[in-house]
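Novice: From just these sequences and the hints, can you work out the full model?
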Amino acid sequence: GEDVEQSLFLSVREGDSSVINCTYTDSSSTYLYWYKQEPGAGLQLLTYIFSNMDMKQDQRLTVLLNKKDKHLSLRIADTQTGDSAIYFCAESGGTKAAGNKLTFGGGTRVLVKP
Amino acid sequence: SQTIHQWPATLVQPVGSPLSLECTVEGTSNPNLYWYRQAAGRGLQLLFYSVGIGQISSEVPQNLSASRPQDRQFILSSKKLLLSDSGFYLCAWSVSRTYEQYFGPGTRLTVT
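As given, the protein sequences belong to chains A and B, one line each in that order. For the first sequence, our numbering assigns the number 126 to the initial residue and increments by one for each residue that follows. For the second sequence, our numbering assigns the number 620 to the initial residue and increments by one for each residue that follows.
Don't read these hints as lab results, they were simulated from the structure. By construction, the Cβ of each residue, glycine as well, lies at the ideal position given by its N, Cα and C atoms. Errors might be hidden in some of the hints.
Using 20 Å as the maximum straight-line C-alpha spacing, the simulated DMTMM-like pairs for lysine to aspartate or glutamate come out as follows [stated by the list, open to error]:
1) A:K181 with B:E719
2) B:K698 with B:E641
3) A:K192 with A:D128
4) A:K161 with A:D203
5) A:K193 with A:E139
6) A:K161 with B:E719
7) A:K161 with A:D208
8) A:K195 with A:D151
9) A:K226 with B:E719
10) A:K226 with B:D690
11) A:K226 with A:D128
12) A:K161 with A:D194
13) A:K238 with B:E641
14) A:K238 with A:D203
15) A:K238 with A:D194
Here are a few chain A residues that face chain B, going by a calculated C-beta distance under 10 Å [stated by the list, open to error]:
16) Q162
17) G165
18) A166
19) G167
20) K181
21) N225
Specialist: Structure representation (structure tokens):
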């Protein structure tokens, strides 16, 4: 079955760039997502990328996709203390008939130090 | 704009008691609806999803069930809770014409 892996923890200084990495195994993944979860809250969709794209940029966020290596990364520029959260990578086969189910990684806890 | 509601926000229930968690979506029609469980602040496990009224797909065998009595209402139930049912339950929705999936605020369930 599908598997999505992420490192557990990342510590970064305020103002530096953060890079969160994710690997997946399903070669038929159509969409790949990044979600942010703050303590005690639901998941916030940050961005997603279609599998035929290599890169997507949205303000401070840059998503890079290496489809050959099945590697996805999220770069956060000028990291702020408000960026401290758990970040989840997810993939979808994009099959509407199957309900567009997402498979999530275990999450990377990002701690931003002042 | 679309919004998703979940209640209750927190729940403490004894082992063996029944459970009913409710999720409703506003501002859209015929959404796909999902129930996930998150244990110990880590990854999410998809429990159920629904592509229409009365249509429920179960992803993992378990002590829980789901129902969709109305287009924008999704209910997670159990007849008898187990300790292992404790966790953070998240409802989500998407529409078939896009691939974005949006989450509700979650319900924290503690089974004692």
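Novice: State for each hint whether it applies.
Specialist: Each hint, compared with the structure:
1. A:K181 with B:E719: holds (15 Å)
2. B:K698 with B:E641: Holds. B:K698 to B:E641 sits at ~15 Å (cutoff 20 Å).
3. A:K192 with A:D128: holds (15 Å)
4. A:K161 with A:D203: Holds, because 17 Å separates the two Cα atoms, which is no more than 20 Å.
5. A:K193 with A:E139: Given that 20 Å is the threshold and the Cα spacing comes to 33 Å, the pair is violated.
6. A:K161 with B:E719: Holds. A:K161 to B:E719 sits at ~14 Å (cutoff 20 Å).
7. A:K161 with A:D208: Holds, because 9 Å separates the two Cα atoms, which is no more than 20 Å.
8. A:K195 with A:D151: Judged against 20 Å, a Cα distance of about 8 Å means the pair holds.
9. A:K226 with B:E719: holds (11 Å)
10. A:K226 with B:D690: Roughly 19 Å between the alpha carbons, so the hint for A:K226 and B:D690 holds.
11. A:K226 with A:D128: holds (13 Å)
12. A:K161 with A:D194: Since the Cα atoms of A:K161 and A:D194 sit roughly 24 Å apart, the hinted pair is violated (cutoff 20 Å).
13. A:K238 with B:E641: violated (38 Å)
14. A:K238 with A:D203: Roughly 12 Å separates the two Cα atoms, so the pair holds.
15. A:K238 with A:D194: Distance ~31 Å between A:K238 and A:D194 Cα, so the pair is violated.
16. Q162: holds (8 Å)
17. G165: For A:G165, the interface hint holds, since the closest Cβ of chain B sits about 8 Å away, which is under 10 Å.
18. A166: Given a least distance of 6 Å, the restraint on A:A166 holds.
19. G167: It holds, given that the least Cβ distance between A:G167 and chain B is near 4 Å, below 10 Å.
20. K181: violated (13 Å)
21. N225: Hint on A:N225: holds, closest Cβ of chain B at ~6 Å, below 10 Å.
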